[in-house]
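**Student:** Below are the chains, spelled out letter by letter.
Number of protein chains: 2
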Amino acid sequence: MITLWELGGRDDRRYSLFSWRTRMALRHKRLDFHSIPVRMSDKAVIAFSGGKTVPIVKDGEGDGNDFVVRDSWKIAEYLESRYPDAPTLFGGAIGQGVTQALNVWVDRVLVLPMLALIVADVHERVDPADEHYFRESMEKVLKMTLEETRTRRAEAMSKLNRTLEPMQALLKRQPWIAGAQPAYADYILFSIFQWARVMSPHEVLEEGPLRDWRERVLDLHGGFARS
Amino acid sequence: MITLWELGGRDDRRYSLFSWRTRMALRHKRLDFHSIPVRMSDKAVIAFSGGKTVPIVKDGEGDGNDFVVRDSWKIAEYLESRYPDAPTLFGGAIGQGVTQALNVWVDRVLVLPMLALIVADVHERVDPADEHYFRESMEKVLKMTLEETRTRRAEAMSKLNRTLEPMQALLKRQPWIAGAQPAYADYILFSIFQWARVMSPHEVLEEGPLRDWRERVLDLHGGFARS
Numbered sequence: 001m002i003t004l005w006e007l008g009g010r011d012d013r014r015y016s017l018f019s020w021r022t023r024m025a026l027r028h029k030r031l032d033f034h035s036i037p038v039r040m041s042d043k044a045v046i047a048f049s050g051g052k053t054v055p056i057v058k059d060g061e062g063d064g065n066d067f068v069v070r071d072s073w074k075i076a077e078y079l080e081s082r083y084p085d086a087p088t089l090f091g092g093a094i095g096q097g098v099t100q101a102l103n104v105w106v107d108r109v110l111v112l113p114m115l116a117l118i119v120a121d122v123h124e125r126v127d128p129a130d131e132h133y134f135r136e137s138m139e140k141v142l143k144m145t146l147e148e149t150r151t152r153r154a155e156a157m158s159k160l161n162r163t164l165e166p167m168q169a170l171l172k173r174q175p176w177i178a179g180a181q182p183a184y185a186d187y188i189l190f191s192i193f194q195w196a197r198v199m200s201p202h203e204v205l206e207e208g209p210l211r212d213w214r215e216r217v218l219d220l221h222g223g224f225a226r227s
Numbered sequence: 001m002i003t004l005w006e007l008g009g010r011d012d013r014r015y016s017l018f019s020w021r022t023r024m025a026l027r028h029k030r031l032d033f034h035s036i037p038v039r040m041s042d043k044a045v046i047a048f049s050g051g052k053t054v055p056i057v058k059d060g061e062g063d064g065n066d067f068v069v070r071d072s073w074k075i076a077e078y079l080e081s082r083y084p085d086a087p088t089l090f091g092g093a094i095g096q097g098v099t100q101a102l103n104v105w106v107d108r109v110l111v112l113p114m115l116a117l118i119v120a121d122v123h124e125r126v127d128p129a130d131e132h133y134f135r136e137s138m139e140k141v142l143k144m145t146l147e148e149t150r151t152r153r154a155e156a157m158s159k160l161n162r163t164l165e166p167m168q169a170l171l172k173r174q175p176w177i178a179g180a181q182p183a184y185a186d187y188i189l190f191s192i193f194q195w196a197r198v199m200s201p202h203e204v205l206e207e208g209p210l211r212d213w214r215e216r217v218l219d220l221h222g223g224f225a226r227s
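Chains as they are written, first to last, in the numbering used here: chain A, 1 to 227; chain X, 1 to 227.
In short, the hints are calculated from the structure, not lab data. Mixed in with the good hints, there may be bad ones.
Given that identical chains are not distinguished, each listed pair holds provided it fits within a single copy or across any two copies.
[What the hints assert, rightly or not] Listed next, the in silico SDA-like pairs over lysine to any residue satisfying Cα-Cα at most 25 Å (straight line): (1) Lys29 to Lys143; (2) Lys43 to Ala86; (3) Lys143 to Val45; (4) Lys159 to Phe33; (5) Lys140 to Glu77; (6) Lys74 to Ala169; (7) Lys159 to Pro113; (8) Lys29 to Glu207; (9) Lys29 to Pro166; (10) Lys29 to Arg162; (11) Lys140 to Ser81.
Let's have the full structure, built from the sequences with the hints guiding it.
**Tutor:** In structure tokens, the structure reads:
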């Protein structure tokens with residue numbers, strides 16, 4: 001039995017981009033899991049993990065031999081080595097190495113522009129108990145108020161789409177980020193669009209191959225990420 | 001027998017970044033090759049390939065059954081499928097797909113900032129017959145004169161290094177771009193630094209993991225890229 005601790009928002013939303021990487025990896029591996037929503041401001045309920053961030057995965061029967069893994073990248077590595085006979089996330093050592101390069105690029109280059117674009121919408125949909133904590137920490141990161149971010153949407157949208165241009169070009173050459181078939185690399189990039197999709201009423205992508213690809217990812221695993 | 005057509009500069013320099021991807025891929029596959037320098041302004045000598053750009057690889061005995069492949073990415077794909085028993089460039093389909101993502105990112109995001117930084121130095125070292133052609137085409141691409149690029153070196157250097165930040169972060173986590181061992185992903189990124197190394201007397205990288213990694217790539221295959 002696998003348990004996934006992850007951020008929970010209003011109306012039972014699951015909105016952490018990092019937990020979406022884990023969710024898609026679990027479905028890719030054909031593993032069922034039980035989700036436990038966690039408030040961003042409540043670190044006590046996840047203290048058992050030894051850390052302060054979700055996602056956290058616990059895998060086991062509760063018999064004292066459970067594996068507890070924290071951090072979406074480490075969880076993906078864990079799933080790949082623990083379930084080698086299920087469909088592969090990385091396709092071997094080189095695939096894993098280059099996928100980590102993509103992971104670092106997405107985290108360092110794409111997350112912040114996307115945050116700047118959707119942060120005010122996200123704020124309206126986090127757990128009410130997290131609203132204050134969320135505003136305070138995000139305004140610090142972005143160095144502006146949530147209200148200011150609303151007036152700069154067009155600028156943020158154009159910056160985000162400029163940064164995504166290499167991925168548009170890539171998807172003219174191959175149907176998935178990982179090539180002919182989807183793999184963990186796809187879920188990494190998808191996670192930032194799913195974050196926006198779950199938490200914002202606005203379309204964040206200009207028309208193009210990337211938008212078509214996002215729809216294909218939404219169709220994967222029985223339309224898992226659509227629901 | 002493999003023949004490689006590639007740009008040749010002064011003093012027998014081989015300076016095309018794309019041909020360095022091919023050179024490293026050939027050495028990785030433990031294949032010997034014969035290099036034919038081509039002038040940038042001379043399209044006639046490569047017309048046999050059906051295109052106007054190098055690198056071009058011809059593989060065969062000249063018996064009418066030769067393979068002619070153009071474009072560094074296509075050459076890498078060709079070598080991987082033609083020589084499956086030699087060390088792998090991609091490590092399988094997913095590795096190949098994600099490596100193509102890196103390839104597109106390097107070409108679309110890194111080549112231009114590097115060009116802006118070294119273009120005047122490159123101009124001094126191309127084949128004298130190419131000087132005029134090179135200046136004209138590069139000034140068009142960069143929308144400024146070669147002389148202007150010299151006055152903007154600091155700005156170009158800072159822009160390049162900012163764009164490289166995710167790769168610095170990656171190389172704190174793993175020794176090679178492709179993970180635990182070098183592969184084609186490493187040669188793609190290396191090619192832009194080798195271009196600078198062959199054509200410019202200036203160091204283009206700030207101190208950090210990326211500079212250390214570049215030295216490790218230079219040591220590969222018996223120090224092949226150092227000489």
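**Student:** Evaluate Lys140 and Ser81 at a C-alpha cut-off of 25 Å and name the case that applies: within, between, both or neither.
**Tutor:** neither (38 Å within a copy, 51 Å between copies)
**Student:** Between copies, within a copy, both or neither: which fits Lys159 and Pro113 at Cα up to 25 Å?
**Tutor:** Both. Shortest intra-copy (7 Å) and inter-copy (18 Å) distances satisfy the 25 Å Cα cut-off.
**Student:** Indicate which option fits the pair Lys29, Lys143 if close means a Cα-Cα distance not exceeding 25 Å: within, between, both or neither.
**Tutor:** Cα proximity of Lys29 and Lys143: none, with 40 Å in one copy and 50 Å across.
**Student:** Reference check for the pair Lys29 and Pro166, CA-CA at most 25 Å: within, between, both, or neither?
**Tutor:** The answer is neither: 28 Å in one copy and 28 Å across copies each exceed 25 Å.
**Student:** My question is about Lys29 and Arg162: at a cut-off of 25 Å on alpha-carbon distance, are they close within one copy, between copies, both, or neither?
**Tutor:** For Lys29 and Arg162, neither the intra-copy (33 Å) nor the inter-copy (36 Å) Cα distance is at most 25 Å.
**Student:** How would you label the pair Lys143, Val45 (within, between, both, or neither) given a Cα cut-off of 25 Å?
**Tutor:** neither (30 Å within a copy, 57 Å between copies)
**Student:** First find the shortest C-alpha distance between Lys74 and Ala169 inside one copy, then the shortest across copies, and answer within, between, both or neither for a cut-off of 25 Å.
**Tutor:** This pair counts as between: shortest inter-copy Cα distance 16 Å, intra-copy 29 Å.
**Student:** One pair to classify: Lys29 and Glu207, alpha carbons no more than 25 Å apart. Within, between, both, or neither?
**Tutor:** neither (31 Å within a copy, 41 Å between copies)
**Student:** Evaluate Lys140 and Glu77 at a C-alpha cut-off of 25 Å and name the case that applies: within, between, both or neither.
**Tutor:** neither (32 Å within a copy, 46 Å between copies)
**Student:** Tell me, please, which holds for Lys43 and Ala86 at an alpha-carbon limit of 25 Å: within, between, both or neither?
**Tutor:** Result: close neither inside a copy nor across copies, 33 Å intra and 51 Å inter.
**Student:** One pair to classify: Lys159 and Phe33, alpha carbons no more than 25 Å apart. Within, between, both, or neither?
**Tutor:** Neither: 36 Å inside a chain and 44 Å across chains, both beyond 25 Å.
Of the numbered hints listed earlier, those contradicted by the structure are 1, 2, 3, 4, 5, 8, 9, 10, 11.
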